[in-house]
Amino acid sequence: MSPYFESYLTVGAFAGLGAVLVLGMLGIAAVLRPTNPTSAKKMTYECGVDPVGSGWSQTYVRYYVFGLLFVIFEVEAVFIFPWAIILERLGVFGLVEMMIFIFILVLGLVYAIRKGVLEWE
Amino acid sequence: MTGFATDLFANFWVSLAAKLALVATMIPLIGMVIGFAEMKLSAKMQSRIGPYFAGGRWGWAQLIADGVKFFQKEDLIPEDADRPVFKSAPILVLVGTVALFVVIPFGPGLIFRDLSVGIFYALAISSISTIGVLMAGWSSANKYSLMGGLRAAGQLIAYELPLVLAVVGSVIMAGTLSMSGIVEAQIAAGYPFVILQVVGFAIFMIAALAELTRIPFDMPIAESELVMGYLTEYSGFRFLFFFLAEFANMFTMSAIAVTLFLGGYWLPGIPESVLVFAGPVILIGKVAILSFVMIWFRWTFPRFREDQLQTLAWKWLIPIALANIVITAIFKVLF
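In order, the protein sequence lines correspond to chains A and B.
Per the working numbering, the first sequence starts with residue 1, numbered consecutively.
Per the working numbering, the second sequence starts with residue 1001, numbered consecutively.
For reference, chain B alone in the conformation it holds in the complex:
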């Protein structure tokens, strides 16, 4: 029986179908868990109770109730909107999100597909959602959406560079682009790369926050001046998909940061034989910590102004990231 099961999953198509089913369950689940954590933690930080009634205790079913509610919402598309573009924008955003899951290593061998260009692929795919955001902003034919979309585009291209350059430090140390290869390099070295790549890690997290357009980098959807930015005209399920993508992207960005800098599915002192089982738990634990920090930041820092955003990216983060590459390279070659 086990032999039959192994043979079955050795078949490429069967395993692909299983992977797709797994990721299709994971994404809504991640969205709900992080979304609920954000609600409850925000409430805690503001001395509120937060969701309380749905599901009885702690309001744990709040997001399930929200999801059911969204099912019943009318699908409104404004008269002036560019319909094909308006409709395909959420698809493009979610395509980028789902495709990112391919290269996240959950344990030794536990990866959807170990692409040899791993991290490079992840960085390339993560910029697809930028196009989706710009499409959403432009097609709505709404002044707030247009402003939000343009701001988003300006911010996302500015922070794309520090994000890409911050990764290079870890790549130099690992000598590979493969995501599981980077984790194995950290296991072989015996320490997570963050110890020597503190600067790279900090820049990566700042840039990742900006790429997610989360506070303090939420100029594109600044509620107090742009209503909801590029999301203003979206309602019902299409609106929900943007949020699902945001929460799933919080997970993938944290997971990439964990893999590159924090040792991925590995913890010092854990024997390699149990990593197959302990790996996913360790990875998700680390991702939870980083996601908590992102939510924490939201209630700690005020929003950056647009010129401050651009100054931070171009005049500070990019030069520092380049200096980090140079210093890492010198240490790698000479020591």
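One chain only, chain A, in its complex shape:
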């Protein structure tokens, strides 16, 4: 097996272990724990009183624009990583190129701040 494939397999096995831990422990606990659900127990918790309306009530997701900005910045952060590794080989050329890239990034952030989309009112 190639080391490349082995790396993937190790990661997969570790992720699988996470699921097995949860399911295994819950399985063991299933033997020990009591099961006596009543309608009062299964009611949605709302500080003791009967819940009002549905739990999935309409809410104002304030950070919709934050989410959009996040996607943009995160993708650009991914571009910075390969550059960071080979910066020494690229030398001044790579440095200047990335300065321009980061300058544009900062420009976008300043624009967003000046537009007031990052205010939380």
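Keep in mind that the hints were calculated from the coordinates and are not lab data.
Among these hints, one or two may not hold up.
Claimed, not checked - What follows is a list of derived Cβ distance ranges for each label pair:
1. B:THR1300 to A:GLY91: 43 to 49 Å
2. B:VAL1068 to A:GLU6: 35 to 41 Å
3. A:TRP56 to B:VAL1276: 53 to 59 Å
4. B:PRO1280 to A:GLY12: 21 to 27 Å
5. B:GLU1225 to A:ASP50: 30 to 36 Å
6. B:LEU1110 to A:LEU90: 31 to 37 Å
7. A:TYR111 to B:GLY1109: 35 to 41 Å
8. B:VAL1199 to A:TRP56: 41 to 47 Å
Even for Gly, the Cβ is constructed at its ideal location relative to N, Cα and C.
Could you slot chain B onto chain A? The hints should help.
Relative to the frame of chain A, chain B by itself:
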């Protein structure tokens, strides 16, 4: 005999099984040690005694007793909840936690798997738990959970960026993404990167605290207004797994910070020949110090308001992290 043992562990499947067994023991152990430390230190900082009776002395068996108690708890799922999502949320959170252990170097060669994309992989995997948290908040069909889940999502995406950008400084200095490669670069340089990356280290620790949703960044589970946030409807073992993941994540986040900035398993003055044995001890010692600081912060700072949280991340940490990258790059190329 030793030859046989070496041959046996050279087999990929045998060593993989051993690694899985090791990490499966480590995670509950870490959870218990950090959990107990948090109980006792919190008590100390509030002039209380803390757990005292379980186990006889110092109440050392408190968390074992808690674990046994959780085994007997009824597994309640609210009627209105979205059952498949509700059930799989703790699994997703723990999957992210366990997978993070793959790339933590405990000593020279003592790493579960030295991925060439090491730190990049760690950052990617650590965002999986964000989805788990959002799933937990949404599926509970509870207003507190929904608010908590949405706040958590907003906070985790805001602090993901400073976390990622703070790492770049160390990557530029090391010239590699591999976690053990970064430690070796620090050994070769003769100093831990924190000396030149104080800003990066500070931003990383602040963002890591926010990613762990620990005080002062605990808006998503603010007890005084949201009961327990996205955990409100969870009980018994499923609830325990969220806590186990939180404490194990405290360990992994501290370990990543130690590897990137504080020299990892290495201390100046320690000869490289003994690092195989001393490495894990040094790493765990450094992680213990950082974990102590996180617990200390909990009793030092009041909680941030939601708008203050977002302002800190977007208007302060991200620009500073970008400036840190630029300055580090200039020094790397010109000097």
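Status of each hint after checking the structure:
1. B:THR1300 to A:GLY91: 43 to 49 Å: Because 45 Å falls inside the window, the suggested range holds.
2. B:VAL1068 to A:GLU6: 35 to 41 Å: holds (38 Å)
3. A:TRP56 to B:VAL1276: 53 to 59 Å: holds (54 Å)
4. B:PRO1280 to A:GLY12: 21 to 27 Å: Since PRO1280 of chain B and GLY12 of chain A have Cβ atoms about 25 Å apart, the given range 21 to 27 Å holds.
5. B:GLU1225 to A:ASP50: 30 to 36 Å: violated (21 Å)
6. B:LEU1110 to A:LEU90: 31 to 37 Å: holds (33 Å)
7. A:TYR111 to B:GLY1109: 35 to 41 Å: violated (48 Å)
8. B:VAL1199 to A:TRP56: 41 to 47 Å: Check passed, 42 Å falls within 41 to 47 Å.
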